[in-house]
Amino acid sequence: MNLDQCAEQIVNQFITDITDHLFVSIEQDDNKMREYMLYVRDYDLDNLNRAIGKKIKEKLSLENGEENEKPKSRLIKSYTRHSK
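In the working numbering, the protein residues as written are 1 to 84.
Keep in mind that the hints were calculated from the coordinates and are not lab data. Beta carbons: idealized from backbone N, C-alpha and C, even for Gly. Any given hint could be a false lead.
Unchecked claim - Only pairs whose alpha carbons sit at most 25 angstroms apart, straight line, appear in this in silico SDA-like list of lysine to any residue:
| hint | residue 1 | residue 2 |
| --- | --- | --- |
| 1 | K84 | L38 |
| 2 | K54 | H21 |
| 3 | K59 | Q13 |
| 4 | K54 | I26 |
Said to hold, decoys possible - Cβ pair distances, simulated, as ranges:
| hint | residue 1 | residue 2 | range |
| --- | --- | --- | --- |
| 5 | K70 | Q9 | 15 to 23 angstroms |
| 6 | S83 | L38 | 17 to 25 angstroms |
| 7 | K72 | A51 | 34 to 42 angstroms |
| 8 | E27 | N47 | 14 to 22 angstroms |
| 9 | C6 | Y43 | 38 to 46 angstroms |
| 10 | K32 | N68 | 19 to 27 angstroms |
| 11 | K70 | D29 | 21 to 29 angstroms |
| 12 | L3 | Y39 | 38 to 46 angstroms |
| 13 | M1 | D44 | 42 to 50 angstroms |
| 14 | K55 | E27 | 28 to 36 angstroms |
| 15 | N2 | D44 | 44 to 52 angstroms |
| 16 | K70 | M1 | 42 to 50 angstroms |
| 17 | Q13 | S61 | 12 to 20 angstroms |
Given these sequences and hints, build the entire structure.
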């Protein structure tokens, strides 16, 4: 595998689980978590999480893949995996 193929594989693996990565990053940042909890209070957890997932797909022009029901993030119960 050449360098470009290696980089492509790593990026594709990240994109596949980008929704989970985003929610993990919220959990790990106190300021983001406080802001997220304010939004949860205003918009309901499931509605907010669905809107975030939809926005990720839209902004990055991703295709939906299979559902993953074992996220690393504790903020979500499942998420849709993506591909370019």
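Cross-check of the supplied hints:
1. Taken as a hint, the K84 and L38 pair is broken in the structure, with Cα atoms around 32 angstroms apart against an allowance of 25 angstroms.
2. Only pairs whose Cα atoms come within 25 angstroms are accepted, and K54 paired with H21 is accepted, the gap being roughly 15 angstroms.
3. For the hint linking K59 to Q13, the alpha-carbon distance of about 18 angstroms falls within 25 angstroms, and the restraint holds.
4. For the hint pairing K54 with I26, the CA-to-CA distance comes to about 17 angstroms; that is within 25 angstroms, so the pair holds.
5. Taken as a hint, the range 15 to 23 angstroms holds for the pair K70 and Q9, whose Cβ atoms sit roughly 22 angstroms apart.
6. Hint check: S83 to L38, Cβ distance near 32 angstroms, so the stated range 17 to 25 angstroms is violated.
7. Taking 34 to 42 angstroms as the suggested C-beta distance range, the pair K72 and A51 does not conform, at roughly 20 angstroms.
8. For E27 and N47, the Cβ-Cβ distance of about 19 angstroms falls inside the hinted range of 14 to 22 angstroms, so the restraint holds.
9. A hinted range of 38 to 46 angstroms for the beta carbons of C6 and Y43 is consistent with their spacing of about 40 angstroms.
10. A C-beta distance of roughly 22 angstroms is found between K32 and N68, which places it inside the suggested range of 19 to 27 angstroms.
11. Checked against the hint of 21 to 29 angstroms, the C-beta distance between K70 and D29 comes to roughly 23 angstroms, which is consistent with it.
12. For the pair L3 and Y39, the supplied restraint of 38 to 46 angstroms holds, since their beta-carbon distance comes to about 40 angstroms.
13. For M1 and D44, the Cβ-Cβ distance of about 45 angstroms falls inside the hinted range of 42 to 50 angstroms, so the restraint holds.
14. Remark: the range hint 28 to 36 angstroms for K55 to E27 is contradicted by a beta-carbon distance near 18 angstroms.
15. Between N2 and D44 the CB atoms are about 47 angstroms apart, so this pair conforms to the stated range of 44 to 52 angstroms.
16. A hinted range of 42 to 50 angstroms for the beta carbons of K70 and M1 is inconsistent with their spacing of about 28 angstroms.
17. Roughly 18 angstroms separates the CB atoms of Q13 and S61, a value that falls within the hinted 12 to 20 angstroms.
When each numbered hint is compared with the structure, violations occur for hints 1, 6, 7, 14 and 16.
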